[in-house]
Amino acid sequence: MAKVKKNRVSFVIDMTPLVDITFLLLTFFMFTAKFKTDAESEQKFFIERPMVSPDSSKLPEQDLAIINIAIETDTLTGISDTVYYYSIVNEEDRRSVYSMMENVPEDQGALLKIGNDSTSMKTLGRLIGFTKTANKKTVFAIDADKRLRFKWVEDAMEILRKNWQTVFNYVTMKKGS
Amino acid sequence: MSGGGSLSAPEKAKRGSSSKRKPKKRVSFHLDMTPLVDITFLLLTFFMFTTTMSAPQTMEMSIPPEINKPVDVDEDKLLSLYIRNDDKLFWHKAQELPKPIKLEEVKKLSEKENLKDGMHNKLIIVLKIDENAQYGTVVSVLDELNLAEMLIMEEIAKVPDEDGEPTKRKRKFTIAKMTDKDREKISDEALSGELTTEEGN
Chain E
3 MAKVKKNRVS FVIDMTPLVD ITFLLLTFFM FTAKFKTDAE SEQKFFIERP
53 MVSPDSSKLP EQDLAIINIA IETDTLTGIS DTVYYYSIVN EEDRRSVYSM
103 MENVPEDQGA LLKIGNDSTS MKTLGRLIGF TKTANKKTVF AIDADKRLRF
153 KWVEDAMEIL RKNWQTVFNY VTMKKGS
Chain R
0 MSGGGSLSAP EKAKRGSSSK RKPKKRVSFH LDMTPLVDIT FLLLTFFMFT
50 TTMSAPQTME MSIPPEINKP VDVDEDKLLS LYIRNDDKLF WHKAQELPKP
100 IKLEEVKKLS EKENLKDGMH NKLIIVLKID ENAQYGTVVS VLDELNLAEM
150 LIMEEIAKVP DEDGEPTKRK RKFTIAKMTD KDREKISDEA LSGELTTEEG
200 N
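Protein chains in written order, with my numbering: chain E, 3 to 179; chain R, 0 to 200.
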């Protein structure tokens, strides 16, 4: 005797639209993703950028030198201090600038800590000068924390001015983002 | 699937063997999409969680080069804007007394003063910043001044120049160091009138 087979309830969901949308989103996120630069991945401090109204001007990805002015808190003493950093995006330019400077260690990464005393300001001036020699097209940017006193930014601007770099950029953030 | 997955062409029905035509067998095959979809979702979630949508933008600045010679300017065309060490803003024209101003009003002020009769492309805005003012405030003020440019540019373009072309906007703006004299001018004492009476003596 043949057993009476129970009718299995089977149903199929059409996954096609789901997969379509997923692929669409995937391609979108893949193409818009921007990888961190060397300097950004070495960066241990956080810069709270000043907010401005939305604008279409973006930081260039090449031929760029950034002066970071950050507030760093000592983990041991808890004392905060302002520190200058300098980074050149183009690897080639970076290497030639480092070779022109004498106190730069061999294994120096993309982000160069400068400090904040008068000798370090001289170093910054020489770095800017050498960067201009290495690549004339370099665009300069000041990436400073918005909580800083303007004095720090003014000093950096003064050094840029002394090196005949009278046009530069402030790195800012879109308001509301 | 009872042998339905064959990829070879279906055999031709033999002629004459049967009057009824046999239905052609469809070539059907199933591709298991599950691993593909798995990986896609994995990548999708990865990119979704790692992207930050807020990319930094820039504000271009140009500062005058070092000049030793002082430049003579017409005082009537000079608008001074001050940022005090407590981030309060003040402004005055020529030799007037400084007046306090709110950040939100800076745009209106720049538009009004730049579009006054005879001031088109002639007004010079000098921003004097105390070294103890916050950098964030400075950028906000610069942003307000930049926003004002839109209307100014538009209004100025309505007036044709000598060649009959719309007049181009020539912005005159500079950042200057705040001197002790400036600091005195915008101090609370000076603004409340105590210093002015002293000067009168």
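Check each hint, because a few of them may be wrong.
Claimed, not checked - Distance windows between CB atoms, simulated: (1) R:183 / E:108: 39 to 47 Å; (2) E:83 / R:183: 28 to 36 Å; (3) E:124 / R:183: 29 to 37 Å; (4) R:176 / E:104: 45 to 53 Å; (5) E:29 / R:116: 50 to 58 Å; (6) R:165 / E:57: 18 to 26 Å; (7) E:32 / R:111: 33 to 41 Å; (8) R:178 / E:168: 17 to 25 Å; (9) R:182 / E:29: 54 to 62 Å; (10) E:124 / R:64: 14 to 22 Å; (11) R:157 / E:32: 45 to 53 Å.
What the hints assert, rightly or not - Here are some of the chain E residues that sit facing chain R, going by a computed Cβ distance under 10 Å: (12) 21; (13) 78; (14) 162; (15) 164.
Claimed, not checked - Derived, one-sided and incomplete: chain R residues facing chain E with beta-carbon distance under 8 Å: (16) 36; (17) 63; (18) 66; (19) 67; (20) 91; (21) 130; (22) 132.
Because the hints were derived from the structure by calculation, they are not lab data.
Cβ coordinates follow ideal geometry from the N, Cα and C atoms, glycine included.
Structure-based check of each hint:
For the pair residue 183 of chain R and residue 108 of chain E, the supplied restraint of 39 to 47 Å is violated, since their beta-carbon distance comes to about 53 Å. Here the CB-CB span from residue 83 of chain E to residue 183 of chain R is close to 31 Å, well matched to the stated 28 to 36 Å. For residue 124 of chain E and residue 183 of chain R, the hinted distance range of 29 to 37 Å is satisfied, since their beta carbons lie about 33 Å from each other. Between residue 176 of chain R and residue 104 of chain E, the C-beta spacing of about 33 Å breaks the proposed range 45 to 53 Å.
Take residue 29 of chain E and residue 116 of chain R: their Cβ atoms lie about 56 Å apart, and the range 50 to 58 Å holds. Distance hint check for residue 165 of chain R and residue 57 of chain E: the Cβ-Cβ separation is about 23 Å, which falls inside the suggested range of 18 to 26 Å. Judged by the Cβ atoms, the range 33 to 41 Å given for residue 32 of chain E and residue 111 of chain R is violated: they are separated by roughly 49 Å. Judged by the Cβ atoms, the range 17 to 25 Å given for residue 178 of chain R and residue 168 of chain E holds: they are separated by roughly 22 Å.
Checked against the given bound of 54 to 62 Å, the beta carbons of residue 182 of chain R and residue 29 of chain E, roughly 57 Å apart, stay inside it. A hinted range of 14 to 22 Å holds for the C-beta pair residue 124 of chain E and residue 64 of chain R, which are about 20 Å apart. Between residue 157 of chain R and residue 32 of chain E the C-beta distance comes to about 47 Å, which sits within the given range of 45 to 53 Å. For residue 21 of chain E, the interface hint holds, since its Cβ comes within 10 Å of a Cβ in chain R; the closest pair sits about 6 Å apart.
Taking 10 Å as the C-beta cut-off, the interface hint given for residue 78 of chain E is violated, the closest approach to chain R being about 27 Å. Because the smallest distance between the Cβ of residue 162 of chain E and any Cβ of chain R comes to about 8 Å, under 10 Å, the interface hint for this residue holds. Checking residue 164 of chain E against chain R: minimum C-beta separation of about 7 Å stays under 10 Å; hint holds. The criterion of a C-beta within 8 Å of any C-beta in chain E is met by residue 36 of chain R, whose closest approach is roughly 6 Å, and the hint holds.
The closest approach between the C-beta of residue 63 of chain R and any C-beta of chain E is roughly 7 Å, which is under the 8 Å cut-off, so the hint is satisfied. Hint status for residue 66 of chain R relative to chain E: violated, with the closest Cβ pair at about 11 Å, above 8 Å. Checking residue 67 of chain R against chain E by beta carbon gives a least distance of about 13 Å; that is not within 8 Å, so the hint is violated. Interface restraint check: residue 91 of chain R against chain E, minimum CB-CB distance 20 Å, threshold 8 Å, status violated.
The beta carbon of residue 130 of chain R is positioned within 8 Å of a beta carbon in chain E (closest approach about 4 Å), and the interface hint is therefore held. Restraint check, residue 132 of chain R versus chain E: the minimum CB separation of about 5 Å is within 8 Å; hint holds.
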